[in-house]
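Asks: Now for the letters of each chain:
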Amino acid sequence: MDTPIIEFERVSKIYQGGAGPVTALHDVTLRIAAGEFIALIGPSGCGKSTLMRLIGDLEQPSNGTVRIKAKTPDQARRDRDYGIVFQSPVLYDWRTIRKNVELPLEIMGRPKEQRHQRAMELLKLVGLGDFGDAYPHQLSGGMQQRASIARALSFAPSILLMDEPFGALDEITRERLQLELLSIWWEAEPRPTVIFVTHSIPEAVFLADRVVVMSPRPGRVQRVVEVNLARPRAFETREDPQFFALVTEVRECLRATETAG
Amino acid sequence: MQATTVSTPAVRSIDQVAKWFHMIWPPVLTFLVAIALWEGAVWLFEIPIYLLPAPSQIMATFLERPWFLLGIGMVTFSNALMGSAIGCSLGVLVAIFCVRWTFVADGLVPLAIAASAVPIIALSPLMGIWLGSVSAASKIGVIAVMTFFPTLVSVYAGLISPRADALLLMRSYAAPQRAVFLKLRMPAALPFLFNALRVCATLSMIGAVVAEFFGGPRNALGVYIKTQAGILRTREAWSAIMVACLYGLIFYLVIVLIERWVMPWKQRHSGQ
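From first to last, the protein sequence lines are chains A and B.
Just so you know, my numbering puts 215 at position 215 of the first sequence, and the rest follows in order with no gaps.
Just so you know, my numbering puts 530 at position 269 of the second sequence, and the rest follows in order with no gaps.
Check each hint, because a few of them may be wrong.
One-sided excerpt, in silico: chain B residues whose CB lies under 10 Å from chain A [claimed, not checked]: (1) Ala295; (2) Ala297; (3) Glu300; (4) Ala302; (5) Leu305; (6) Ala427; (7) Leu429; (8) Ser433; (9) Ala435; (10) Ala436; (11) Leu445; (12) Met524; (13) Pro525.
No lab work stands behind these hints, which were simulated from the structure alone.
Predicted model, so just to flag it, every value in this text is computed and none were measured.
Ideal Cβ positions, reconstructed from N, Cα and C, are used throughout, including at glycine.
Whenever a hint applies, use it, and build me the whole structure from the sequences.
Replies: Okay, here's the thing in structure tokens:
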């Protein structure tokens, strides 16, 4: 592997809960290469969201070290290395779609012309070219989530963190957006490293280069499944026997975590 | 999960007029029916004029001296405007302090909520002692206190309303505190602010009239209503009450118009 962009070295995260300490993440060691698409999967309570939040400096580890481009997560955040997409789009409802996409650039003090141009470019990329002047509530859930992806990519971050971004969408919209996300990611220049948290096995396999299977109580990495499906992936990829084989593999792996836990 | 079509401005405005018309006719009709019932009842049961004059009589009395009544209404209204301007501005300022220094909020906000339930108008006679019972200052003072607390409570709630995800997003951009305030907390608080302003518009007009019952210049609405009612000139009293309603309504509607202008994204929100 090339020099990893994300490095977890024996990382643990312990929360001080009302009923005593809870270990959300136990002794995780993980290396992720630049430009990789990583899916984190596991039952609830396995710490997959915690892992993502540790990368994004939204939380701090209790033990061990997290390194992002050989920096601390805090430094990486200050360098604007992360774009984040949550399960809900979190668009600011007083801003038009275009202004929402411009928000990070505005905060980073980019000139107006450049902001505007970049926002339009990204809205076209996510298929919302005609909706720049609409307000968020005028768009469907799927379109809102596309806008939030455009916003996360607006400042070309090197790492894209996605916390169950399609979790609230219906199956049809979801499959369409998976395909779109892959092509957006494939075409983005530079291509970001993606950390994608999900509950869905087919989604993880369809999107990722590697699927990190996690187990609960305490949360840890159970196994990492390599997905060697050809890219660019297409609608037909989901009908490929190899795809089924990998889905089965991940599923078996998850079942093993349950019986073990 | 289909997209709502984003209609052109022209189509939207026709739509809006139709919607507006549908919304406006039931209350207008109800109002007219109520007035007609009132008018009918007064004539039918021959209610003496000192108990209840008919709407037509009140209107006629108003039309005899419209400029006089509107003039004294203006004196009272400008107190309401001044008082709520002071009270609401201070409320907003203190709310901002509360967000910046949470220990201020911990101490102050529960008290402010309690104060919102207190009939502040009871302070009127005391304000009269402190600031002069005939002076405008004592009225403005009462209204400022009346409007300060609800504005503080509401705007504070608005400033802390952004959800965790919205704040984390700002954190991920490494946004400075100032940007978090200007680009997230403040716009999020706007609907709360206008809720407060609408309440305060009503509250301040009530406060202005009632405060004048405890004393005020002769050319003020509250004083006029009180003296006219005192000598059973009920038509005059009622026509002055009508003027008070008129100013109160106008104040409220102006706030609503400003709200629509400042928050264009809210307009069609209610339709969903």
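Asks: Hints first: check each against the structure and report whether it holds.
Replies: Outcome of the hint check:
Given the 10 Å rule on beta carbons, the hint for Ala295(B) is violated: about 37 Å separates it from the nearest Cβ of chain A. This hint is violated: Ala297(B) has a C-beta 41 Å from the nearest C-beta of chain A, more than the 10 Å allowed. Contact between Glu300(B) and chain A, as hinted, is not supported at the beta carbon level, the nearest pair being about 45 Å apart and thus beyond 10 Å. With its C-beta approaching chain A no nearer than about 47 Å, Ala302(B) sits outside the 10 Å limit, and its interface hint is violated.
Contact between Leu305(B) and chain A, as hinted, is not supported at the beta carbon level, the nearest pair being about 52 Å apart and thus beyond 10 Å. A distance limit of 10 Å between C-beta atoms decides the matter here; for Ala427(B) the minimum to chain A is near 5 Å, and the interface restraint holds. The interface hint given for Leu429(B) holds, since its Cβ lies 6 Å from the closest Cβ of chain A, which is under the 10 Å cut-off. Against a cut-off of 10 Å between C-beta atoms, the interface hint on Ser433(B) holds, since the closest Cβ of chain A lies about 5 Å away.
Contact between Ala435(B) and chain A, as hinted, is supported at the beta carbon level, the nearest pair being about 5 Å apart and thus within 10 Å. Annotation: Ala436(B) was flagged as interfacial toward chain A, and the flag holds, the nearest CB pair being 5 Å apart, inside 10 Å. Interface restraint check: Leu445(B) against chain A, minimum CB-CB distance 7 Å, threshold 10 Å, status holds. The closest approach between the C-beta of Met524(B) and any C-beta of chain A is roughly 7 Å, which is under the 10 Å cut-off, so the hint is satisfied.
Taking 10 Å as the C-beta cut-off, the interface hint given for Pro525(B) holds, the closest approach to chain A being about 8 Å.
Violated hints for the displayed structure, listed by number in ascending order: 1, 2, 3, 4, 5.
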